[in-house]
Amino acid sequence: MSSSNWTTDFLSQLSTDITVIQIDTASTTLWQIESHAWQRFAEQAVQQNLRWAAGWAEQVDSQFFINTCFEKHGEYVLLRTIVDDSSPELPSQATVYPAANRSERHTQDLFGIKFVGHPDNRRWTRHQAWIENSYPLRKDFPVQGRPVGITPPDINYPFIKAHGAGVYEIPVGPVHAGIIEPGHFRFQAVGELILNLEERLGYTHKGIEKIAEGREPESLAKLAGRVSGDTAVGHCWAACMAMEQAAGVLIPPRAALIRGILAERERIANHMGDIGAICNDVAFVFAQMQFTRLRELWLRTNATVFGHRLLMDQIVPGGVACDLSNESCALIMKDIVELRTELAEVILALDLNSSLEDRLYTAGFLSEEIAAAFGTLGYVGRASGQDKDVRRDAPYAPYDQVTVKVALETQGDIASRFWIRYKEIRTALYLIEKFIDQLVAGDIRSDWQIPLAGSEGLGIVEGWRGEIISHIRFDADNKIARFYPRDPSQLNWPALEKLVLNNIVPDFPVCNKSLNGSYSGNDL
Amino acid sequence: MLRIFKKILTTGVVTERFSLRSHAEHGNEDELEQLGIQIKRHIDKQFSGSIAIRAVDAGSCNGCELEIHALNNPFYDIERFGIHFVASPRHADVLLVTGPVSRHMQTALLRTYEATPNPKWVVAVGDCAACGGEFGVSYASCGAVSNVIPVDAVIPGCPPTPLMLMRGLLGLMGVKK
Numbered sequence: 000m001s002s003s004n005w006t007t008d009f010l011s012q013l014s015t016d017i018t019v020i021q022i023d024t025a026s027t028t029l030w031q032i033e034s035h036a037w038q039r040f041a042e043q044a045v046q047q048n049l050r051w052a053a054g055w056a057e058q059v060d061s062q063f064f065i066n067t068c069f070e071k072h073g074e075y076v077l078l079r080t081i082v083d084d085s086s087p088e089l090p091s092q093a094t095v096y097p098a099a100n101r102s103e104r105h106t107q108d109l110f111g112i113k114f115v116g117h118p119d120n121r122r123w124t125r126h127q128a129w130i131e132n133s134y135p136l137r138k139d140f141p142v143q144g145r146p147v148g149i150t151p152p153d154i155n156y157p158f159i160k161a162h163g164a165g166v167y168e169i170p171v172g173p174v175h176a177g178i179i180e181p182g183h184f185r186f187q188a189v190g191e192l193i194l195n196l197e198e199r200l201g202y203t204h205k206g207i208e209k210i211a212e213g214r215e216p217e218s219l220a221k222l223a224g225r226v227s228g229d230t231a232v233g234h235c236w237a238a239c240m241a242m243e244q245a246a247g248v249l250i251p252p253r254a255a256l257i258r259g260i261l262a263e264r265e266r267i268a269n270h271m272g273d274i275g276a277i278c279n280d281v282a283f284v285f286a287q288m289q290f291t292r293l294r295e296l297w298l299r300t301n302a303t304v305f306g307h308r309l310l311m312d313q314i315v316p317g318g319v320a321c322d323l324s325n326e327s328c329a330l331i332m333k334d335i336v337e338l339r340t341e342l343a344e345v346i347l348a349l350d351l352n353s354s355l356e357d358r359l360y361t362a363g364f365l366s367e368e369i370a371a372a373f374g375t376l377g378y379v380g381r382a383s384g385q386d387k388d389v390r391r392d393a394p395y396a397p398y399d400q401v402t403v404k405v406a407l408e409t410q411g412d413i414a415s416r417f418w419i420r421y422k423e424i425r426t427a428l429y430l431i432e433k434f435i436d437q438l439v440a441g442d443i444r445s446d447w448q449i450p451l452a453g454s455e456g457l458g459i460v461e462g463w464r465g466e467i468i469s470h471i472r473f474d475a476d477n478k479i480a481r482f483y484p485r486d487p488s489q490l491n492w493p494a495l496e497k498l499v500l501n502n503i504v505p506d507f508p509v510c511n512k513s514l515n516g517s518y519s520g521n522d523l
Numbered sequence: 000m001l002r003i004f005k006k007i008l009t010t011g012v013v014t015e016r017f018s019l020r021s022h023a024e025h026g027n028e029d030e031l032e033q034l035g036i037q038i039k040r041h042i043d044k045q046f047s048g049s050i051a052i053r054a055v056d057a058g059s060c061n062g063c064e065l066e067i068h069a070l071n072n073p074f075y076d077i078e079r080f081g082i083h084f085v086a087s088p089r090h091a092d093v094l095l096v097t098g099p100v101s102r103h104m105q106t107a108l109l110r111t112y113e114a115t116p117n118p119k120w121v122v123a124v125g126d127c128a129a130c131g132g133e134f135g136v137s138y139a140s141c142g143a144v145s146n147v148i149p150v151d152a153v154i155p156g157c158p159p160t161p162l163m164l165m166r167g168l169l170g171l172m173g174v175k176k
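For the record, the sequence lines run as chains A and B.
Going by numbering that gives the first Met the number 0, the first sequence opens with residue 0, and the numbers climb by one from there.
Going by numbering that gives the first Met the number 0, the second sequence opens with residue 0, and the numbers climb by one from there.
Hints were generated in silico from the structure; no laboratory data involved.
Hints may contain errors.
In silico DSBU-like pairs for lysine-lysine, Cα to Cα no more than 30 Å straight-line [unchecked claim]:
1. A:K71 x A:K138
2. B:K39 x A:K333
3. B:K5 x A:K333
4. A:K433 x A:K221
5. B:K5 x A:K422
6. A:K422 x A:K433
7. A:K404 x A:K497
8. A:K422 x A:K71
9. A:K422 x B:K6
10. B:K6 x B:K119
11. A:K221 x A:K478
12. A:K422 x A:K497
Okay, the calculated bits of chain B under chain A, using three or more residues with CB under 8 Å as the criterion [said to hold, decoys possible]:
13. 43 to 57
14. 63 to 74
15. 90 to 104
16. 151 to 163
Keep in mind the model is a prediction, meaning the values are calculated, not measured.
Glycine included, each C-beta is placed from N, C-alpha and C at the ideal position.
The task is simple: from the sequences and hints, build the whole structure.
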C-alpha cells in the first residue's frame, strides 16, 4: 500500500481547538499537542480510522513526555505531549481506544502519571514488589529499589466477581501445569461454559525498561534479544533499528539481507512449534511429533550456520554478527526444499483429518470488530481480517526489495490462526530464497557513531508475532536514557479474554495456544 | 488416516542413537545415547526407574522453556531414560527452575518448593537462574534462583541446548549420591 498522505488531510480536518506542533525529525513524523487535548485528539483519530499502535512515557528532567504511536496505511505518526512532574495527569485515551487500556495502566504504575477518566485504573504491572505511590521508572527511583524481605503475593487484587446460581470461579496460575510462562487466569464458568475470563499478568516483570538505562548500544541489543526469548531476532532488530536511526547509522545492504533471513527463520521455527502445539492441545499427537521434529531440524541448521539455535545476539548495532558463507547458503536452500516436501505431506494429512476439523473450526472465535478495536496484531489479527503487515505496509530493508504476500483470513477461529501460520511459513520460505538470491557481497557491519545526547529513534519491524515497536532515546556518551519495546503480545492478550467466551473450559489451552502471547514480552 | 500411517512409517524412528544431522551438536554422534544410558543407570539405581520433573518458570524470557520443550521432541525423547515432566509439584522429585526469579514470582516459587515432597532437588536452568544473567538483581528481580530457594545443581547457558540440559541432569545424579 502506498503512503496516501492521510496526515495532511487529517491535520486540516482536526478541530481548531487542538494545536498541533509539527516537529521535524529525520525519520518519524512527530506531532506535539497540549496535554488537555490528549483524549480529544484520540476521538478524532478513531473517527479517521487511525490505529492505536503503542503508548509509553519517559522522564526528561522535570517533565514527562507521553507518547502514542498511531498508524494508518503504513504511515506512522508519533503523538507527544509534555506534562510537568509536579502534577502529572492527562485525559485517558483508553476511553476511546481499548487498545490503550493496559498500556496506560503500565505507565500509571511505573511513572505515576494519572490518566484521568480511565475506564479501569486498577494497578496492572505492579503487584507487591514496590509500594504504592513509588514509581520505578522515575529517575530518582534506584534500580535496586527498596525491597523488604520476601515479596508477598498480590492477594488483594480486585478481580471482577460473578454471582448467581451455578456460577463458579477457577483460578489458574501463576505456576501452570505445562512448561510455560507464569501468569494468572481467573475464569467464571457455568458448567463447562466460560462466562468470563480475566487475565492477571505482570508475574515476569523483571524491570527491563529500568535496567536498560545507562547501557551502551551493544549491551542494549543483548537485553532486547531477551525481552521475549522466542522473539530474539525481532526485538533485537527493532531496538537496533531505533538506535541506528538515533545515531544516523546506515547498515550495509548485506547485513539487511542477513537480518531478513534471520527474522524469517525465527518466524518459521515459531510457527512450526505453534502448529504442533495447537494440535497437541486437542490430543492430536501425530502433528506435535512431526512439527517438533521439523522444528528441531530447523534449529540445528540455525546452530550450524549462526552458532545459536534461537538466533540470539545475531543482530548487533550497525549490522549483524555473523556472515553467511556459500556453504551456509547452500545448506539453507537445501533445507527449504526438504521442508517444503515434508510440509506438503504433513499438512495434507492434517487437512483431511475430521477430528482436528471438529475441534479447531469455529472454536475460539474472534470477530473482526473486536480484533480491530483492540488493535490485534500479527497472525491473530490477520486471522480476523486485520490486513496489516509492516513488511508490506511500511517496508524496511531488505523487505523493500521484495514483494511480501500477506496471508489473510476472515473466519477468526482457531483453524484460521492455524492456517495463517502455515501460509506465513510458505511466504517466509520464499522470502529466504529471495534474500539469498540477492545476497550482495560487502560488509556486514557499519562503524558505530556516537549519537547526540537526546537523540531518539523508533524501530518498527514485523516480528513473528506481529508488529514490534521499539523506542530509544540516548543520553550523552553513547548511553541509553530510555528503552521501550512494545511486543505484539501487549495488544493481543486482551483478545484472548474475548475469544474464549462461550467456549468450554477444557478448550482454553488450545484457545490460548492459538494466540500464544508472550508473558515476558508483555510484562517487561 | 492412511496418509498419517504412511507419514509415520516413512518418517521412521528419528530418536537419536545414530547420526541424523547431529553435526550441529558438538560433533560426537553417540553422545546423546551415552549420556542417556548414564542417566538411566543413575535413575534406575536411585529412583527405582524414573524421576518426575516439574518445570517452573520464575520469570524467564521463555528461551529456556523452548529448549526444555525440545527434550520431549522425538530426537531427544527424554522419557526413554526415565525422566518425565509432571503437572504438579506434588508429583515431582525435581524442580527445574528457569529465569531470574522476578519479585512477583518469589512467593509462588517458595510455595511451589514447599509443595514438593521430600526428598527433592532443585536445578537452576539457564544463565539467569544460575547467576541472574542479563537481568541481575533489581527492584523487580531477585536474580539467581539460589537467592530464593536452595539449589542442588546449575545448568548454565543462554539458553542451554537440550544436550546441555541432559548433561546437567546427569551432573545432578553425580552430586546426589
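The hints, checked one at a time:
With a C-alpha separation of about 34 Å, the suggested pair K71 of chain A and K138 of chain A falls outside the 30 Å cut-off, and the hint is violated. At roughly 36 Å between alpha-carbon atoms, K39 of chain B and K333 of chain A are farther apart than 30 Å, so this suggested pair is violated. Distance check on the hinted pair: K5 of chain B and K333 of chain A sit about 24 Å apart at the alpha-carbon level, within 30 Å; holds. For the hint pairing K433 of chain A with K221 of chain A, the CA-to-CA distance comes to about 28 Å; that is within 30 Å, so the pair holds.
Taken as a hint, the K5 of chain B and K422 of chain A pair is honoured in the structure, with Cα atoms around 24 Å apart against an allowance of 30 Å. Straight-line distance between C-alpha atoms of K422 of chain A and K433 of chain A comes to about 17 Å, which keeps the hinted pair within the 30 Å bound. Annotation: proposed proximity of K404 of chain A to K497 of chain A holds, straight-line Cα distance about 29 Å (limit 30 Å). About 25 Å separates the Cα atoms of K422 of chain A and K71 of chain A, which keeps this hinted pair within 30 Å; it holds.
Taking the CA atoms of K422 of chain A and K6 of chain B, the gap is about 21 Å. The hint holds against a cut of 30 Å. Note on K6 of chain B and K119 of chain B: the hinted pairing is violated, with a Cα-Cα distance of about 41 Å set against a maximum of 30 Å. Between K221 of chain A and K478 of chain A the CA atoms are separated by roughly 14 Å; this keeps the pair inside 30 Å, and the hint holds. With a CA separation close to 25 Å, the supplied pair K422 of chain A and K497 of chain A stays within the 30 Å bound.
Requiring three or more residues with a Cβ within less than 8 Å of a Cβ of chain A, the coverage given for the region 43 to 57 of chain B holds, as 4 such residues are present. Using a Cβ-Cβ cut-off of 8 Å, 11 residues of the region 63 to 74 of chain B lie near chain A, which meets the minimum of three, so the contact claim holds. Counting residues of the region 90 to 104 of chain B whose CB falls under 8 Å from any CB of chain A gives 6; the rule of at least 3 is met. With 3 residues having a Cβ less than 8 Å from any Cβ of chain A, the region 151 to 163 of chain B passes the three-residue criterion, so the hint holds.
The structure is inconsistent with the numbered hints 1, 2, 10, although it conforms to all the rest.
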